[in-house]
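Undergrad: For reference, the chains in residue letters:
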Amino acid sequence: MIVELGHYTLVLALGLALVQSVVPIIGARIGHFGLMRLANQTSIMMALLISFSFGALTWAYVNSDFSVVNVWQNSHSLQPYLYKYSSVWGNHEGSLLLWVLFLAIFASLVSVFGKNLPPELKANVLSVQAWILVAFLLFILITSNPFERLANPPLEGNDLNPILQDVGLAIHPPLLYFGYVGLSVTFAFATAALISGRLDAAWARWVRPWTLIAWVFLTAGIAMGSYWAYYELGWGGWWFWDPVENASFMPWLAATALLHSALVMEKREALKIWTVLLAIVAFSMSLLGTFLVRSGVLTSVHAFATDPERGVFILAILVLFIGGSLALFALRAGVLKSGGLFAPISREGALVFNNLFLTSALATVLVGTLYPLLLEAVNGSKISVGAPFFNLTFGPLMMPLLLAVPFGPLLAWKRGDLLAALSRLYLAAGAALLAVIITLAFTTDAPVLAALVIGLAFWVMVGAFAEISVRTDIRKNGIAKAFARAFGLPGSLWGTAFAHFGLGVTLLGIVSVSVFETEVIQEMKIGDKATISGYQLTLKNISPRKASNYNEDIINFEVLAPGGEKFVMQPAKRIYTTRRMPTTESAINTSGFSQLYVSLGEISENNSLTVRMWWKPQVTLIWLGSLFMIFGGLLSLADRRLRVGAPKRAARASKVESEVTING
Amino acid sequence: MVKLQILSRYVVIALSALMIATFLNPTRSLAVNPNEVLSDAALEQRARNLSSKLRCLVCQNQSIDDSDASLAKDLRILLRKRLVAGDSDEQVIDYIVSRYGEFVLLQPRFGMHTLVLWSLPVVLILTGFLVLLFKLKNRSRTDARTLSDEENARITELLGKGD
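Residue numbers (the working numbering), protein chains in the order written: chain A, 1 to 664; chain U, 1001 to 1163.
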């Protein structure tokens, strides 16, 4: 019954979405406030209905109701509770329901927090969001219904794919989806602006926090996914340029570019048209990512053709929204007027530089991901575009950008002084130089370029705080006053500093692990010893263990660290009972920022086990850096909230300001 | 001045070549089994570099370097045999492509069919800079310092008020 109610509420939500996609926008057109306000109620009601629907599916999973096809296919009665919950989104239908749930939540958030929005803008925004909701609700109800029943329910379910039975999966998709869907708000704002033809600084002030929220969640989701792949897949890589990874990375690149261009728009009223285009592109990348992952087109063009219903449906959604919004953009972009002139060397110039490189990188990843598909569709020839291609193109594209990062915040708006900015970066330059010299002096086999990139990482890290150091000026003000000043600085300034710092930290981790990583592969029997980077591993014994839905052999290693302390590492080989699927669980020991990683290979004929060991120096910096970026985003968000609380006043203020500039 | 420009251009080219070299040459983790490893360290290093650029055909987007699949293992051994026989890197790649098709290369070859793919990043950056340059030039010609008639009228009106 609950399952049927879940299905029913989903249909009801579709009905409301249809109403909301038409009525408020008509209200905005004819200036009828009642019609416009209707969106407030419908959007909140929709969020409640879809929450109920999602709850119903969760209920079916937690209670192992195998009469529901979806539950039967993806869950097992003996699964630990956490995985019963995460199984809900560990499959196609459930993950789409989660997608739609987040979409509805974002729409209701706009209606709750958007009290101060101009009513026409708000009505248009909520209508556009309802369009997206209609499309995805239809998609779920027609092609991917998670509530379908089985006539003769089996006693036991098929279990969740063992690789997905992990805490990582419990967290990774919701974070990523929240980010994906968060960009729909920005998209709706952009489309609404194009429809109404009105776009001012207040608009940018509204869009930036939403982009920031989406960006924070995307960053967290991608970092989480990367760490999950690192420890779960067992071959020690942290980024594979896999199409599915690229699908999440592209919206991130677009959102990062958008954050920076929205800044220019908000502060200087320039780059309006470009910002709107980026907002459209960012959400288009989210849609494309969903399409790529969900349609099966990635595994093969043929897989797409054998089960075309879903694929064609999502393709239609893609064409409709991306094509439609771009067409709207082409028609209406001319209406938007750009103001705010600036010299090439200026804060705006730096942000344009940022956007040029980020969007080029985005296009490179996009084309690289889709090229094999396109080429096969055009002339049938099959090629691969993999990690070496992306490293070769994306890497060099990022270098000039990273070099420019510390300059950006130090340049003045309108007209900046590059030399003055450089003179404030003497500390960063010193740190970078020192890092290069130390790397070259203390390592024997590091390529010169690796040392240079390490220098670049320090340049970015130290340079990130240059603006704060300039603003507080310890030498002039003394420590106490400088501290007081530092606390008085706006949160967004600290946010920028931390986010840029995190970028440098991540870069340092990447270079460090790709250049200085060591690896030992050895066949080992009980009692054998192996040595890697000063650590001595002894294979002690193998102990079998039975868990609720798998059996495993734990391989016990006694490890003697270079410092003399001893610890145990326990990689394991598992067999999941339902799917008879073997997996290997790696063991990781962290010391400082570095990690010792032990993974298991095959058992050979002479009964010895292939053991792979890696010493991964500073590898955790990769994810630590993203934590700094997230922290920076949150700081900046905290700052924005204060201003967004009074956008009306802000809007009026900017109006007065513009009048003043005209009058003056 | 011209010499300095040429010099700086060379520096940029050298730096980017270096950059590309490191990105080409990361020390990669391997799914190699101990019994596959060649005794000649230099040859083994070449084998690893090559195998990180070859696709495991039965896996999803994994190089034969990373994969546990038996086909990947066969390819790793095949590649090492060719290296021991004295083939150059290109000869090994050519041989494997002749047997498995270009699909096996994770880094597609530069050619007419991949022209768009390879040239895109450079073309985009250059076009971007050119467009910006053009816009800046255009902008300085139609300088905003001249006021429109409307604005002039408003100024006289405001100034008139001040009297």
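It is possible that part of the hints are untrue.
[Stated by the list, open to error] Derived DSS-like pairs (lysine-lysine); straight-line CA-CA distance at most 30 Å:
#1 A:K525 x A:K566
#2 A:K414 x A:K337
#3 A:K337 x U:K1135
#4 A:K525 x A:K540
#5 A:K382 x U:K1081
#6 U:K1135 x A:K382
The hints are simulated quantities; they were obtained by calculation from the structure and are not laboratory data.
Undergrad: Work down the list of hints and note, for each, if the structure agrees.
TA: Each hint tested on the structure:
Between A:K525 and A:K566, the direct Cα distance comes to roughly 20 Å. Compliance with the 30 Å bound is thereby established for this hinted pair. As the CA atoms of A:K414 and A:K337 are separated by approximately 18 Å, the hinted pair is consistent with the 30 Å bound. Taking the CA atoms of A:K337 and U:K1135, the gap is near 15 Å; set against the 30 Å cutoff, the hint holds. At most 30 Å may separate the alpha-carbon atoms for a hinted pair to count; A:K525 and A:K540 meet this at roughly 9 Å.
Annotation: proposed proximity of A:K382 to U:K1081 holds, straight-line Cα distance about 27 Å (limit 30 Å). The straight-line distance between the Cα atoms of U:K1135 and A:K382 is roughly 41 Å, outside the 30 Å bound, and the hint therefore fails.
This entry does not satisfy hint 6, going by the numbered hints stated previously; all others are met.
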